[in-house]
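Kindly produce the complete structure, drawing on both the sequences and the hints.
Number of protein chains: 2
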Amino acid sequence: MIPALSAPPPVEEPSSDTRFRILATAERFFREIGYQKTTVADIAKTLRMSPANVYRFFDSKKAINEAVVARIIGEVEARIAALADRPSVTAEARLREIIVFLHRDAVERFTGHPRMHEMVEAAMSESWDVCRHHVDRITAVLERVVADGVARGEFAVEDPAVAARCVHTAIVRFCHPVLVVQCPEDFVPALDAMIAFLIGALRAGSRAA
Amino acid sequence: MIPALSAPPPVEEPSSDTRFRILATAERFFREIGYQKTTVADIAKTLRMSPANVYRFFDSKKAINEAVVARIIGEVEARIAALADRPSVTAEARLREIIVFLHRDAVERFTGHPRMHEMVEAAMSESWDVCRHHVDRITAVLERVVADGVARGEFAVEDPAVAARCVHTAIVRFCHPVLVVQCPEDFVPALDAMIAFLIGALRAGSRAA
Numbered sequence: 003m004i005p006a007l008s009a010p011p012p013v014e015e016p017s018s019d020t021r022f023r024i025l026a027t028a029e030r031f032f033r034e035i036g037y038q039k040t041t042v043a044d045i046a047k048t049l050r051m052s053p054a055n056v057y058r059f060f061d062s063k064k065a066i067n068e069a070v071v072a073r074i075i076g077e078v079e080a081r082i083a084a085l086a087d088r089p090s091v092t093a094e095a096r097l098r099e100i101i102v103f104l105h106r107d108a109v110e111r112f113t114g115h116p117r118m119h120e121m122v123e124a125a126m127s128e129s130w131d132v133c134r135h136h137v138d139r140i141t142a143v144l145e146r147v148v149a150d151g152v153a154r155g156e157f158a159v160e161d162p163a164v165a166a167r168c169v170h171t172a173i174v175r176f177c178h179p180v181l182v183v184q185c186p187e188d189f190v191p192a193l194d195a196m197i198a199f200l201i202g203a204l205r206a207g208s209r210a211a
Numbered sequence: 003m004i005p006a007l008s009a010p011p012p013v014e015e016p017s018s019d020t021r022f023r024i025l026a027t028a029e030r031f032f033r034e035i036g037y038q039k040t041t042v043a044d045i046a047k048t049l050r051m052s053p054a055n056v057y058r059f060f061d062s063k064k065a066i067n068e069a070v071v072a073r074i075i076g077e078v079e080a081r082i083a084a085l086a087d088r089p090s091v092t093a094e095a096r097l098r099e100i101i102v103f104l105h106r107d108a109v110e111r112f113t114g115h116p117r118m119h120e121m122v123e124a125a126m127s128e129s130w131d132v133c134r135h136h137v138d139r140i141t142a143v144l145e146r147v148v149a150d151g152v153a154r155g156e157f158a159v160e161d162p163a164v165a166a167r168c169v170h171t172a173i174v175r176f177c178h179p180v181l182v183v184q185c186p187e188d189f190v191p192a193l194d195a196m197i198a199f200l201i202g203a204l205r206a207g208s209r210a211a
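As given, the protein sequences belong to chains A and B, one line each in that order.
In terms of the numbering used here, the first sequence opens at residue 3 and continues consecutively.
In terms of the numbering used here, the second sequence opens at residue 3 and continues consecutively.
Bear in mind the hints are in silico, worked out from the structure with no lab data behind them.
The reader is advised that the hints may include incorrect statements.
Pairs involving identical chains hold if they fit within one copy or between any two copies, as the list cannot separate such chains.
[Said to hold, decoys possible] With a straight-line cut-off of 30 Å between C-alpha atoms, the simulated DSS-like cross-links for lysine-lysine are:
1) K63 - K39
2) K47 - K64
3) K47 - K63
4) K64 - K39
This is how it looks when you write it as structure tokens:
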């Protein structure tokens with residue numbers, strides 16, 4: 003039997019894992035006690051590390067929030083890109099599924115977690131570029147589907163970029179974290195009616211003008 | 003020359019004037035120092051009356067806010083009803099002017115007065131029925147124009163009530179007090195593009211389906 007030698011040198015956790023754990027913990031704090039009351043010290047304590055170690059990865063709570071938001075956005079984008087890139091499905095059906103997904107995701111993420119609101123408000127007021135980038139990327143996916151619908155003869159709009167921006171803006175009531183939580187469901191049109199209305203606009207395009 | 007007799011008995015201000023002055027003063031406070039910091043005592047002091055006298059008209063700050071919101075809403079409704087009820091103008095042109103008016107009114111009322119936000123938030127969280135009633139009445143005006151457009155053969159939607167609700171929801175980004183203030187102008191579609199898109203949907207109706 004080989005005698006035990008000294009303990010192996012401590013294996014340092016890869017930076018990407020630490021980063022991931024910081025973000026997962028921060029997101030949980032933001033959801034449960036809210037962005038305002040969460041401190042970097044709370045996050046560090048939960049992870050049994052020093053605040054200084056958290057600061058090695060993120061230089062402020064704002065930077066942590068931006069990374070949390072970016073992570074959520076990345077998940078949403080990946081999901082809708084997968085819905086968008088299915089050439090065997092009509093553009094109309096893909097668009098419908100993307101909009102339904104965006105609505106359900108917002109409802110699940112934000113209702114029942116009223117403090118998530120603080121995180122979103124902080125991002126909107128302190129990190130507008132992160133929000134803008136998100137909106138631009140979601141719109142880009144919508145544009146791809148609209149342009150494909152035009153290429154297939156399903157839609158008749160002249161400018162898919164403008165049409166995609168109109169569709170995205172028109173569904174803000176169904177996807178915006180603040181509005182999803184604040185407005186009761188019963189006095190807006192049903193999402194299906196809204197989607198049918200918007201698809202009517204895409205099909206009509208300038209033919210209707 | 004007739005000798006001066008005793009001073010005339012004090013003329014009591016009609017209640018409706020007092021009510022009006024309370025609301026005008028409250029609105030100014032809400033705009034300038036915000037709903038949260040305004041007290042009934044501030045309003046009373048500015049009007050040189052006792053808080054008890056204010057309470058003769060409104061039983062709480064919340065009741066004052068509801069009346070201020072109702073007054074603003076009444077102004078907006080009167081303006082768009084006047085735009086709606088012009089049979090010599092096409093339904094499309096009337097709809098366009100109503101939407102442009104709603105957007106400009108929201109921009110003028112809320113940007114540059116960041117504290118107006120508090121009043122709106124208070125109304126949305128404490129007096130949702132007032133907000134709902136407002137949305138319903140604006141939608142009713144839109145519905146009148148859409149139905150008239152269908153009667154004239156300009157629009158082809160099957161259900162003007164649903165279509166009006168879709169149009170109103172689609173423009174929330176351009177009219178909602180929070181979104182008008184929070185979102186920069188440059189990354190949404192221009193309002194003109196949005197209106198053209200929505201009018202395309204109304205013209206197409208179910209023909210496009």
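Hint check:
no.: 1; hint: K63 - K39; in the structure: both (11 Å within a copy, 29 Å between copies)
no.: 2; hint: K47 - K64; in the structure: within (18 Å within a copy, 42 Å between copies)
no.: 3; hint: K47 - K63; in the structure: within (15 Å within a copy, 43 Å between copies)
no.: 4; hint: K64 - K39; in the structure: both (13 Å within a copy, 28 Å between copies)
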